[in-house]
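From first to last, the protein sequence lines stand for chains G and L.
Each residue of the first sequence is one higher than the last, beginning at 1 in the numbering used here.
Each residue of the second sequence is one higher than the last, beginning at 1 in the numbering used here.
The hints are simulated quantities; they were obtained by calculation from the structure and are not laboratory data.
Please note that the accuracy of each hint is not assured.
Claimed, not checked - Rough simulated footprint, nothing fancy, chain L against chain G, three-plus residues with beta-carbon under 8 angstroms: (1) 742-756; (2) 903-916; (3) 937-948.
Claimed, not checked - Capping the alpha-carbon separation at 25 angstroms, the derived lysine-lysine pairs in BS3-like fashion look like this: (4) L:Lys21 / G:Lys773; (5) L:Lys96 / G:Lys45; (6) L:Lys21 / G:Lys762; (7) L:Lys55 / G:Lys773; (8) G:Lys127 / G:Lys206.
To be verified - Pair ranges (Cβ atoms, derived): (9) G:Asp19 / L:Glu170: 21 to 31 angstroms; (10) G:Glu54 / L:Gln253: 58 to 68 angstroms; (11) L:Arg156 / G:Gln544: 52 to 62 angstroms.
All residues carry an ideal CB built from backbone N, CA and C; glycine is no exception.
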Amino acid sequence: MPGKLKAKIVAGRHLPVMDRASDLTDAFVEVKFGNTTFKTDVYPKSLNPQWNSEWFKFEVDDEDLQDEPLQITVLDHDTYSANDAIGKVYIDIDPLLCSEAATVISGWLPIYDTIHGIRGEINVLVKVDLFNDLNRFRQSSCGVKFFCTTSIPRCYRAVMVHGFVEELVVNEDPEYQWIDRIRTPRASNEARQRLIFLMSGELQRKIGLKVLEMGGNAVVGYLQCFDLEGESGLVVRAIGTACTLEKISTFPATATHPNNSSPSKDMKDSPQAAPSTLGCRSTHSSPVHSASSRLSQGFSVSVPTLLFAGMGSGGSAGKEAGPLKALLRQQTQSALEQREYPFFTLTAFPPGFLLHVGGVVSARSVKLLDRIHNPDEPETRDAWWEEIRQEIKSHAKALGCHAVVGYSESTSICEEVCILSASGTAAVLSSRFMQDGPLDTEHRLSRQPLCVFSTGSERVEGDMGSSASLGFEEVVSPGCGFCHIPYDELNIPFPAQLTYCYCCRRYKVPDVLFTTIDLPTEANVTGKGCLIQARLCRTKKKAQGEGNATAISSLLPFLEYELHTQLMNKLKLRGMNALFGLRIQISVGETMLLGLASATGVYLTALPSPGGIQIAGKTPSDITYEQHISTMQKKINDTIDKNKELYEINPPEVVEEIIGSPIPEPRQRSRLFRSHSESSDEVSELDLSHGKKDAFVLEIDDTDAVEDIHALLTDSPTPAGFYSCNTEIMPGIQNWTSAIQMFTSVRVFRLNANLTNQGLNKIFSDLCENLLKSLYFKLRSMVPCCLCHLNFTVAIPEDELIQVAVTAVAMSFDKEQPLENGKQSGEKTLIKAITENDEQLQFNLELNAETSSHNPLSSPKGLSEVGSHLSARASSLEKASPLPEGRSRSLRSNRSYSGSSVAVVKMTPLSFIPGAKIIKYLGIINMFFIRETSSLREEGGVSGFLHTFIAEVFAMVRAHVAALGGNAVVSYSMKECVFMENPNKNQAQCLINVSGDAVIFVRESELESTSVQTQSATTHTSNGGEGT
Amino acid sequence: MRLHGTHIKLTERSLYSVDVKMSVELDVFVGNTTIMDKEVYQLWLNGYTVNDAVKVRIEGGVMEECEASAEVLLSDTMDQYRTFQMCERLLHHPAKLANQLLFQIPPDRQAMLIERYYAFDDSFVREVLGKKLSKGTKKDLDDVSIKTGITLKSCRRQFDNFKRVFKVVEELKGPLVENIRQHFLLPDQLARDYAAIVFFANHRFETGKKKLQYLTFQDFAFCAGQLINNWTVGAVDNMMEDMDVDLDKEFLQDLKDLKILITDKDLLDQHKNLVCTALRGKTNVFNEMEANFKNLSRGLVNIAAKLINAKDVRDFFIDLVEKFIEPCRSDKLTSIDVNLYLTHYTNSAHILDTFKHHAVWTRYMGVIKSCILRMYHD
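Bound-form chain G, shown alone (with noise of 0.2 angstroms):
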């Protein structure tokens, strides 16, 4: 018997009244694990129950413990006719398997019913005791930790990075089985929620079985998705990097390093010789069917999205590196390669790990969706994956990369058509960790790469020591290594304009990278970054089956190439020459397609500067034309000037002799081209012809063009004290406060009328756009600040449908210490002259005035400012005076709020909160909601339904963490939000499935005086459990 499961119901509050007549509620409860169930007597006449039960106890397997939620269900207890369900609560006991998370659960949980929502709360407390497990052919994975955080939390250090985990499950969807004609909406939601729970808990135990074998003891970047094929049925998938993770003690971690010091380690050491790059390479597959099968044969479409047209440089660095560098390269591929794929989830890297990005890689495929026949062994699902996965990995090759990291997959789904998409960047990592372990080579898992280091949070100095010190390398600067190509120069997989490193002058790197990963933290930045979007609609004609399937694959290609194209076009618009954090959605319906590209545009140091884009007309005849034209340029030049004013793109002047270049200077031309529908092979008519140097040429030759310059310059610049970013950090801000916002807003827009391409292209983009907007001013307050891993999610629900989420998190920062320090000063002296005289009092009126206006954005409105500073001087006045009256009466109202029961949890889709120390990881938050309603209106329509859905899941998220003992939830995410109505049956209903990791975190400020009790909590859970 490997485990006991332990759970006992406190107490229940704000329970619904269920019984009309006396206005209260006889509730009990029903506990139950796997089969078992236990109740709780009924608490007659109440609608704050006390039960007090006893421990309920459930002795399972750890299987059942890992796939099985402990479900509570609260119910009103009836003489005469059937009881009624008030609601139930799954409880994940999944953090209590580990010895290191969470050792009980304990708190207020809300109640949640999939009709009524949340309806009051209850108390529980739930333990486990785990046993020894003697079984070599266990099935379960009891210990193996799970992070959503896709870099190393930041109180582990990984001793070993394994690699790529993936895993799938696939059931029914009981929402479309013949048994749900006859239930209940609440019975089949519930089925529906509880089936997904188990599939995900079977998927998590499934993975950390191949975490086990690898030699690992942990899964970061943990991304688990569900695929709602409808009548195909459902699938659960996961992918995430295996790791051996060790916890930080608090005694310095450099004693624990000896593998860097192993000299036959850094002979394995890949020198930065390995080539590296720009540029995306993707396919697409599109189904071709055999008579027989519906299987998919792909016929592979190579697109090469990004188009550069310069000369190929003459001499080569890679070459320098000689055979001695190459044989360490195949060494350091070799290791790689023995892995199926070598993928990492993980989108930051400790410093030296990372050595060369060679660009984005991504595969789509389209499939046609079938009955899942045999749930048992999902062999189809399983091959589509891996068929997409070669593809990526032969991309990566393509690149001179044996690696590709910030790695992710996603479905789209409309009908029986699924879009199938990965994509990541392809990298050169350091052979440094990756290596045939000689030193456990009786071990089974000696071909598993050896990967030692620290976490982010250390010092990026100690690293950088040791990376100096490895034999063959120059010193080459971290802040631009990473950018150098990792390609053969001779063999560029696509146009690419190379020149030296602007940094270190030693290495090649191409004009533009873009990647899928955060900035690396060391990395050479001039200026501060901004979020970069491109956005496209396409209109699809309506079919059905293959020859719909066949429509979409040929429209993929265009849609990805011209959401390229925007990209580039408003990166150089920013004056900035790179992204990260790409991510493209592409979604399809009925009839059309929508492409969104995220990514947060930066201007490396090492990369060449960007040239301006120069338009050029096609047909130079009537003067009108050329007027507009140089109106249009000058509104371009004028835009990049101001955007590089904004963000601060300065960087140092260039001397352009390289001395003793072998390069031939290459000439910095690149052309724009615009691609049409009508004809693919346009795009490898690359027209050369104009001489207009240092410049990106935008060519108008129709309409079209001018609307696209149009949407190019109508992108609004982010309101005065606001920045934004996808990804995780902001280059060039930092002293950020301890103020943060999470927030998810989400917006259904409806087509009214039949729209060619560009008319839907301008309204997506507007609507996006207004989006922003909106959040700008809502968030307004919160000045200066930056909204970071700023997260879209597109989708068409239906016909004429666009649904757009976004979720983010605010963070102010201080702009300038000095100017706070003055501000500061400045009210302090307000507060000692209006004690003085009221001619004085005016004076600082005007005063505070003044320094509102500093900021005027802090507040709403001015005068309301000054109000407020006027009130806030009145209350430490009256504090300060000895009125009797006043003082006691302001302390009562202080004291009657203090009291607040319930504590606050932060979220944040971050892996970091600012001003605070992560101390301890609770485990994963992976939860499931489906809420329906049958009334509508009456809930305040679409909107009402959603707000309310979106608060309670927040709710019960804050709910889960603080029970168990957390205070915030880190890299949470909104993975699924699916909305569907039916206003006619005055009907909603929606899915939302959210993951984090609950983390106790420690400001700053505090952590010295906490930090003992830290250490003898660490010492109490690792005795606690011993799981595993």
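The hints should help you fit chain L onto chain G, whose structure is shown.
Okay, now just chain L, sitting in the frame of chain G:
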């Protein structure tokens, strides 16, 4: 699957149209910490419709300051209104706001929400003060709304607040103000005002007569405070487990004994002489005071004697005005004169040989004096 029915497009369902080609059908913003704009909250409380609120905000210039468009403002206003509506049921039981899980609201914000929700307009409360907080009164609120210029929605909220507070404290024992403060988490001054409203509603004091129109709510609230602090059971004995809503019956009974001051001719003359002696030379209106003494004294003592009848309690304020304030005013007494007069009137009674009800007299006249002085203005 249940929802995959036929879709009929209902454009009127859309929240707002951006242009002909597109309309926003759903628009929500949910923050981990609930974002609430004080200004919009006030507009909501004032009963403005979303569109009116947007107009007010545009006029306020928030658009220029934040580079926003009307559409952004509309979206924000609708969103905030929705949030407030969702919070409203919690505001009905402010204690719940602190331990609910749905909205994460910092404590100072919670206090602001409650305080503003329970704040009321003086002009509104003046209309319903002393009226029964019944459905009938609620039906008449449209008249009140027209008269005061306060939106009906806001009137209803304020009325419902009065009623809710009344219902809760009605069944509670202990000091009234403290009960209100604890149950509704209101700041001290607001709790005192509510105590006055509850007190007035409970005794159904007449405040609407024309002659009383010149009095403000704060005048009445002051008087209510005097009555609560001096004439209720709780006022004499804090240990008593009774509430302060009801006047001390025993005291009211004892007030009848004061009648001797006007029924006993000797006593009345004696009293008059004492007062006049004391006042002579101290005021310009001595003659009027002297001439009116018996009249005024009869008025005040008769009020005291009648208070045992609930019906006459209702007329307390109108009686004070008719029997005392108006005669004084027609004689052109200043409030200093009135103060002087009442001080000597009260003190002289204690010197009367045959008058023995000193305690009751002090308790009665203390309140009467401060009420009259408060009410003695234009």
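Cross-check of the supplied hints:
no. : hint                                    : result
1   : 742-756                                 : holds (count 13)
2   : 903-916                                 : holds (count 4)
3   : 937-948                                 : holds (count 8)
4   : L:Lys21 / G:Lys773                      : holds (20 angstroms)
5   : L:Lys96 / G:Lys45                       : holds (20 angstroms)
6   : L:Lys21 / G:Lys762                      : holds (11 angstroms)
7   : L:Lys55 / G:Lys773                      : holds (19 angstroms)
8   : G:Lys127 / G:Lys206                     : holds (23 angstroms)
9   : G:Asp19 / L:Glu170: 21 to 31 angstroms  : holds (25 angstroms)
10  : G:Glu54 / L:Gln253: 58 to 68 angstroms  : holds (59 angstroms)
11  : L:Arg156 / G:Gln544: 52 to 62 angstroms : holds (56 angstroms)
In this structure, none of the earlier numbered hints is contradicted; all agree with it.
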